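*Asks:* These are the residues of each chain, in order.
There are 2 protein chains.
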Amino acid sequence: MRFEVLARCPRTGARAGLLHTPHGVVETPAFMPVGTQATVKAMLPEELVSIGVQMILSNTYHLYLRPGHTLIERLGGLHRFMNWHRPILTDSGGFQVFSLGGMRRVTEEGVIFKSHLDGSEHLFTPELSVQVQEALGSDVAMCFDECVPYPATRSAAEEGVRRTISWARRCKEAFKGLKGGALFGIVQGSTFLDLRKLCAEALVEMDFPGYAVGGLSVGEPHREMYEVLDLMDQLLPRDKPRYLMGVGFPPNLLHAIARGMDMFDCVLPTRNGRNGGVFVEEGKLNIKNAQYAEDPSPLDPHCDCYVCKNYSRAYIRHLFKAGEILAARLCTWHNVYFLVRLVRRAREAILEGRFPDFMESFLSRYMGGFYR
Amino acid sequence: MRFEVLARCPRTGARAGLLHTPHGVVETPAFMPVGTQATVKAMLPEELVSIGVQMILSNTYHLYLRPGHTLIERLGGLHRFMNWHRPILTDSGGFQVFSLGGMRRVTEEGVIFKSHLDGSEHLFTPELSVQVQEALGSDVAMCFDECVPYPATRSAAEEGVRRTISWARRCKEAFKGLKGGALFGIVQGSTFLDLRKLCAEALVEMDFPGYAVGGLSVGEPHREMYEVLDLMDQLLPRDKPRYLMGVGFPPNLLHAIARGMDMFDCVLPTRNGRNGGVFVEEGKLNIKNAQYAEDPSPLDPHCDCYVCKNYSRAYIRHLFKAGEILAARLCTWHNVYFLVRLVRRAREAILEGRFPDFMESFLSRYMGGFYR
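Protein chains in written order, with the numbering used here: chain A, 161 to 532; chain B, 161 to 532.
Since the hints were made in silico from the structure, they are not lab data.
Pairs involving identical chains hold if they fit within one copy or between any two copies, as the list cannot separate such chains.
Here are the computed lysine to aspartate or glutamate pairs in the EDC-like style, where the Cα-Cα straight-line distance is at most 20 angstroms:
| no. | residue 1 | residue 2 |
| --- | --- | --- |
| 1 | 481 | 233 |
| 2 | 400 | 187 |
| 3 | 448 | 278 |
| 4 | 332 | 287 |
| 5 | 332 | 269 |
| 6 | 481 | 278 |
| 7 | 357 | 367 |
| 8 | 469 | 206 |
| 9 | 469 | 207 |
| 10 | 357 | 387 |
| 11 | 336 | 233 |
| 12 | 339 | 233 |
| 13 | 332 | 367 |
| 14 | 469 | 455 |
| 15 | 332 | 365 |
On a predicted model such as this, the values are computed, not experimentally measured, just so you know.
Sequences and hints are given; from them, build the entire structure.
*Replies:* Following this line, the structure appears as structure tokens:
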């Protein structure tokens, strides 16, 4: 796993780079849509490629339960199974099993949880998480971590950090990387800056090829997210890739890029798209609203995607009202394009030395400057 | 509306032709997938083109109710509204309003029915049906007909034929054809051959540019369908296009082509596809069945479509089990391709003078010869 920084913004922490993986090079910053169950919902791989998607995220927890990582391995790995031949990042399952609430019990060994599908009981350990991710053929695997809910008590956050560090060590031990994939550490610590520092320093000490920041965008004020990211920018090695987990809200993306983050994933563009929520240059809209019933304009008049070039708001609203699958397809397509293009424009701005201007002008249009 | 017959099978009634429409030429025989609500469910127009779809069917009844034909007309017509720039055939709404059962009342003037969407009351007349189809910008419009359910009493079928003829006259009177579209007559008469004859002769007398055969594939034995089609082959003009409504079961398609039918539509490939029902060269399968859980082969090993080239049965079964939209997309894609390719192969066989052999070899493989 090689990471090159091609350019740095002179006024912010933003950088443009290249991440070399077994399935090709990813130009960073990069936004990764989420393919939880071995498909980015409603999209074909070729459509993602045409949109400019370079890498996707897939979910260890879901694929372990169904159809099973051993089946996927027997069928040639996740890339072949889902016909996606570019890089794949897999999360560790940590976030999902900790989201199960009452259905799980945490021990030092790992997490015992009940499947959300059939109630069957499973023990997920750092070693199993790594083994599943390697069976899938992940290009970038994640350490199994403990993600505490927000708001967290200090003691819960402390315990989560302790376990995250201990499990990271076991993951690193278990990870073979036979297919050339890399294992990233995940920094936890909720919004406690000293715990974040402790966690980051311990992981950096273990020398991972890349670092993720987890447990953000879980309900905390944006200000607190940015404080954590400011700290991460100071503590994480400047020559290693950095991945901010679960962030896709456009202003958050730009603020994170300004703090040296390189990779992002989020279900927002796909989930919102299926429900008629549409990203537009001036904020957002819900295409199901009656005001669009006769509107001949495209979803976003500033957008040059396939959907905006060929379909009216009136048509897409009709598709939603009629319950047509194409409604979800078109809004998902546009939304993924919107975020991929936003991050690509940020990258171009970094390479051309005008990232702060780009960020300010985007934000002032997007939210009337609210998030500056 | 010009129709050319390029070749005739010397041993059956099959013919290969060209149908010239305002939106381009259709090579016949042709299978038209159904785009009820201004979208062929789960498919993009570009995908249909890539599969070889030349013409689609859309539904007057549904579009009249939602989003309304006047809105579609204001937005530039149905082709533009749905981004489909090849020919569109619209049915008249007759089949749908007669399917409403207790929710409608038939008078000589037309049909008073309650919308399946909101219960609002509407009067659909032959004149309104034609007006809606012209507002949509249909390339081939259909006369408003009375389609009696199967099995029908003789008196119900007789009354249906009388009304179908009377309404066909009114449709022809009302039809302007300003955009170059054509209006086809529809032969009804259930399985009563003398009523079919009476209806066909009356419509031929009115000199329509093409003729549809309606009220078949509604539950009658295949033998009775073929008897009606034998009669139609004798009675309908040999130089006019003929459209068999609602037929998509592969053996029915070939038997109808052998009896001089040129155009077909059916919801089978799309509806079955969404439910995991898949056409294959050796019959059919349901991909949701457990036996495909670990099957690395494509849906149909004899198929060269995008889906069969890139995805395994195991993957597609997984998508269904996981409730993913892509499941419906992939099976719909394959099924539409299967029927379009079947009809295209029939056409090539007619042009090359080997249609009977092609038909026999396909049928013996498809159903072990059961339907010969």
